[in-house]
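Go ahead and model the full structure; you've got the sequences and the hints to work with.
Chains as they are written, first to last, in my numbering: chain E, 3 to 345; chain B, 3 to 345.
Mixed in with the good hints there might be a few duds.
Identical chains blur together in the list; that is why a pair holds if it fits in one copy or across any two.
Said to hold, decoys possible - Straight-line distance between alpha carbons at most 20 Å, and here's what the computed EDC-like set of lysine to aspartate or glutamate pairs gives: (1) Lys151 / Glu344; (2) Lys94 / Asp332; (3) Lys256 / Asp245; (4) Lys74 / Asp21; (5) Lys113 / Glu263; (6) Lys113 / Glu234; (7) Lys256 / Glu238; (8) Lys222 / Asp178; (9) Lys74 / Glu20; (10) Lys222 / Asp173; (11) Lys222 / Asp169; (12) Lys340 / Glu93; (13) Lys74 / Glu56.
Hints were generated in silico from the structure; no laboratory data involved.
Number of protein chains: 2
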Amino acid sequence: MEIELSTRSRQILEAIVEDYIATAEPVGSSAVARRHAMTLSSATVRNVMANLEELGLLTSPHTSAGRIPTEKAYRIYVDSLVALRRVSRIEKRQIISHCRQAGIGLSGILKETSRTLSQLSNYMGIVIAPSFNADVFRHIEFIRISQRKILAILVSSKGALQNRLIDTEDDYNSEDLVRMGNYLNDKMQGLTITQVRELILREMTSEKGQYDQLLSRALKISEQAVRVEGDEIFVEGQARILDQPEFSDAGRMKEIYQAFEQKGLLVQLLSRCMNADGVQIYIGAETSLSQSAGISLITSRFVTSSNTVGMLGVIGPTRMGYSSVIPIVDYTARMVSKLLSEV
Amino acid sequence: MEIELSTRSRQILEAIVEDYIATAEPVGSSAVARRHAMTLSSATVRNVMANLEELGLLTSPHTSAGRIPTEKAYRIYVDSLVALRRVSRIEKRQIISHCRQAGIGLSGILKETSRTLSQLSNYMGIVIAPSFNADVFRHIEFIRISQRKILAILVSSKGALQNRLIDTEDDYNSEDLVRMGNYLNDKMQGLTITQVRELILREMTSEKGQYDQLLSRALKISEQAVRVEGDEIFVEGQARILDQPEFSDAGRMKEIYQAFEQKGLLVQLLSRCMNADGVQIYIGAETSLSQSAGISLITSRFVTSSNTVGMLGVIGPTRMGYSSVIPIVDYTARMVSKLLSEV
DNA sequence: AATAGCACTCGTCACTGGTGAGTGCTAACA
DNA sequence: TGTTAGCACTCACCAGTGACGAGTGCTATT
Chain E
3 MEIELSTRSR QILEAIVEDY IATAEPVGSS AVARRHAMTL SSATVRNVMA NLEELGLLTS
63 PHTSAGRIPT EKAYRIYVDS LVALRRVSRI EKRQIISHCR QAGIGLSGIL KETSRTLSQL
123 SNYMGIVIAP SFNADVFRHI EFIRISQRKI LAILVSSKGA LQNRLIDTED DYNSEDLVRM
183 GNYLNDKMQG LTITQVRELI LREMTSEKGQ YDQLLSRALK ISEQAVRVEG DEIFVEGQAR
243 ILDQPEFSDA GRMKEIYQAF EQKGLLVQLL SRCMNADGVQ IYIGAETSLS QSAGISLITS
303 RFVTSSNTVG MLGVIGPTRM GYSSVIPIVD YTARMVSKLL SEV
Chain B
3 MEIELSTRSR QILEAIVEDY IATAEPVGSS AVARRHAMTL SSATVRNVMA NLEELGLLTS
63 PHTSAGRIPT EKAYRIYVDS LVALRRVSRI EKRQIISHCR QAGIGLSGIL KETSRTLSQL
123 SNYMGIVIAP SFNADVFRHI EFIRISQRKI LAILVSSKGA LQNRLIDTED DYNSEDLVRM
183 GNYLNDKMQG LTITQVRELI LREMTSEKGQ YDQLLSRALK ISEQAVRVEG DEIFVEGQAR
243 ILDQPEFSDA GRMKEIYQAF EQKGLLVQLL SRCMNADGVQ IYIGAETSLS QSAGISLITS
303 RFVTSSNTVG MLGVIGPTRM GYSSVIPIVD YTARMVSKLL SEV
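Next comes the structure, spelled out in C-alpha cells:
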C-alpha cells in the first residue's frame, strides 16, 4: 500500500493538491512550475505528473486539461505532506467564547460548538453528544404523577439526565416509589448505564426477581426508565455545502442531502472513530457516505470528566482546506473536553 | 383587493394554474384550449390571457413563451378554484399507522408525523411541538443531586415535562426542597406556565418575596426552572426540495437552505398561525421566508387533550399540488389531534 | 536527467442560421 | 359584440462552426 515517491514528486504532488484545493480547477504543469519557485520547467513537471498519474494519484478529466488529485492523493497529502496551520488567536478566542456563552446545559454547549465549527471552517459542523449509555449511573428517582403515571429520572455521574414518563398497570404510592428508588440506587452504584440495563434484564429473569413483589415491580418500571435513547446529534451549516463549486449541480447535491437526512448514518459513521484518540480523517469513499459524492470528514473525540466520549468534526468536500480545518477540529475538541471536565 | 372575474376567465385561470403545477413549464394558449374540452379556440383564450396578465395574475417569462401564474393567481386558485381531492384510503391508512407505530413519547409521534407528511406530499414535512408555555402547570419538584446542584422538574397537566439542572449558591437539604415544592405547588395550581413565570417574577420583587428567606430562595430556584425553552421542531424531507425543477439552480437552493437553517424563523412563521383554526395557506412572499424563493406553506394546528396546540404542515414550492396536499395536511392534523387527546 | 520545441487534443466561447412554440393584431364572421 | 382564422413577429433553443488557448506527449538537444 505504501507508495515510494522521490522528494520532488512529493513536492509536486503537494503543490497540485494545494492548488486544486484553492481553485477547484484542474491544475496544469505550467501552473505548478510557476508556483514552484521557477526551479523546474513545465516539461519536467509534465514528466513527473505522468508518473503520478500512472501511480493512480492524479487523473485528467480530458486530454488537454490539467490534472486532478485522486482520493489516494489526498490520503498521502493528509498523512505526510500537509503543513498544518496554527490556530490563529482570533479563532481561538472565537472557539472559547462560543463555548462559554452557550451557558449551562450540555445540549446548548454542543449546539453552539457545531455552529462554531461550521463558521470557522466554512464547511458543515457536526457534533455528537456523549452517549449517555457509557456514563456511570448515579441516581434514579421515581415520582408519582398521577394514578398510573410515574416519572422516572435517571441521573448519570456526569449530571446528564434522562427522564421518562411510564405508564403502569398498578397504582403506586410515593412510599413504594421511594423504597424502589433506594433499592435500585443501592444496587446499581458504580455501574455504567449499559451495565445497569443488563443487570436489570438479568435480575428480571432471576428467581428472586420473579417472586419478590416489590422487586419485580421496581425492575419492570426501571427497565422502561433505562431504555436506550437515540444519540443526540447537532449539525450546523448544511447550506455551506452549496458554496462549493463541485456541488453546484442538482443531482449531486441531492445525493448528499439525502445522505445527511438519515442522521443515523452520520451517527454510525462517527461512532466508528470513537475509540481512537486525536484527529481522524476520512476521505471520499472512506466515509462510506454516498459513494461518489466527494465528501470528506475530519473528526476528533472529546471527553468529559466522567470519561464519556462524544465526537465532533467537520464535513466538507474532499477538496477541503485540510491545513486549516484539522487544527481547528483538534483545538475545538480539546477546548470542549476542557470545558466539560470542569463541570 | 377582490378581483371580479367572469366564469370563463376563472376556468381558464384554473386550467393554467393546474397545468403549470403539473408541468412546471409556461403554458400556452393552445394547450389551454386543448385541455378545455375544445369549446374555445386558442385565439379566444389568448384574449382572456392577455386580460388576466393585465390584472397581474399571469406573467410571461419572455414574449413567445406561455404564461406563468403569479402568486396572486395562486391565492385566488387556492381560495376559490381548487377542487380538493379526497384523502385516499391508502393515504389514510398510512397516516394512521405511522401515528401508532411511533409508540410512546410525544417527540416520537411528532417526528414520525413530519416524516409521514413529507412522504405523502413529496415535499417537506414540518411539525412544531405544542408549546409547553401554554400548558397548565400541574406540579413542580426539586431533587437534590449534589451539594450545589438541584434538579427541578416541571410537569404540565398534559404530562409534558421540563427539567433543568440548577446550580445554587447555598446547600439545600431534601426537607427544604420538599417544603419549597409544596409551597409552589399550592400557589401555582391552575395557572399556565407562562402565567407561572410571570407570577414568580412579580413575587420576587414583592415585599414578602424579598424578606421571607425560604420563599425568596424558592422563587430564585423556580425562576430558573420555568425559564422559556425553545420549541421543539421536526423537519423531514429537506432533500425533496431538490426534486423540484425550479430549484435546480444552486443560487436559489442556497437561499432556501439558509432560510431553513434558522429554525427560529420557521417557528416564528408557524406560530403566527397558531390561533386560527383549520388549514391555512401561505403563498410565496406571504411566508416571509426568503423573499424571492417561491416557497409556499400549508399548515394546520393540532390540539391535545389539554388544549395545548402545535402546528404541522408542508413546505413546498409555490407551484405545489395544493389539491392533494391540503387534504393531507387537514387529515393529518385531525388524526394527530385525536391521537394526542386519547393519551 | 532536464529542457526546449512542436504537433496534437479537446474544452470553451462567440457566432450563426434554422426551427417551432407562442404571441398580438387585424379582419372577417355569426 | 363576442369569437375566430390568419398572419407577421418574437424569441428561446439547438446544432453546427471556427477561432482560441490551455495543456499534453513525444522527440531531439543540451
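- Item | Alpha-carbon proximity context of Lys74 and Glu56, limit 20 Å | Classified as within; 12 Å inside a copy, 61 Å across copies.
- Message: At most 20 Å between CA atoms: does that hold for Lys113 and Glu263 within a copy, between copies, both, or neither?
- Response: both (18 Å within a copy, 13 Å between copies)
- Task: Could you place Lys340 and Glu93 in one of the four classes (within, between, both, neither) given a Cα distance threshold of 20 Å?
- Result: The answer is within: 17 Å in one copy meets 20 Å, while 51 Å across copies does not.
- Task: Since the copies are identical, ignore which copy is meant and state whether Lys94 and Asp332 lie within 20 Å (CA to CA) inside a copy, between copies, both or neither.
- Result: within (11 Å within a copy, 50 Å between copies)
- Message: With identical chains, the pair Lys222 and Asp173 could be close in the same copy or across copies; at 20 Å between alpha carbons, which is it: within, between, both, or neither?
- Response: within (14 Å within a copy, 34 Å between copies)
- Message: At most 20 Å between CA atoms: does that hold for Lys74 and Glu20 within a copy, between copies, both, or neither?
- Response: within (14 Å within a copy, 51 Å between copies)
- Measure nothing new, just compare the shortest in-copy and cross-copy C-alpha distances for Lys74 and Asp21 to 20 Å and report within, between, both or neither. within (16 Å within a copy, 50 Å between copies)
- Query: What label fits Lys222 with Asp169 when the C-alpha limit is 20 Å: within, between, both, or neither?
  - Reply: within (11 Å within a copy, 32 Å between copies)
- At most 20 Å between C-alpha atoms: does Lys222 with Asp178 qualify within a copy, between copies, both, or neither? within (14 Å within a copy, 31 Å between copies)
- Message: With identical chains, the pair Lys113 and Glu234 could be close in the same copy or across copies; at 20 Å between alpha carbons, which is it: within, between, both, or neither?
- Response: Classified as both; 10 Å inside a copy, 14 Å across copies.
- Evaluate Lys256 and Glu238 at a C-alpha cut-off of 20 Å and name the case that applies: within, between, both or neither. both (18 Å within a copy, 14 Å between copies)
- Go through the copies and call it for Lys256 and Asp245: within, between, both or neither, with a Cα cutoff of 20 Å. Classified as both; 15 Å inside a copy, 8 Å across copies.
Hint check: no violations occur; every hint is consistent with the structure.
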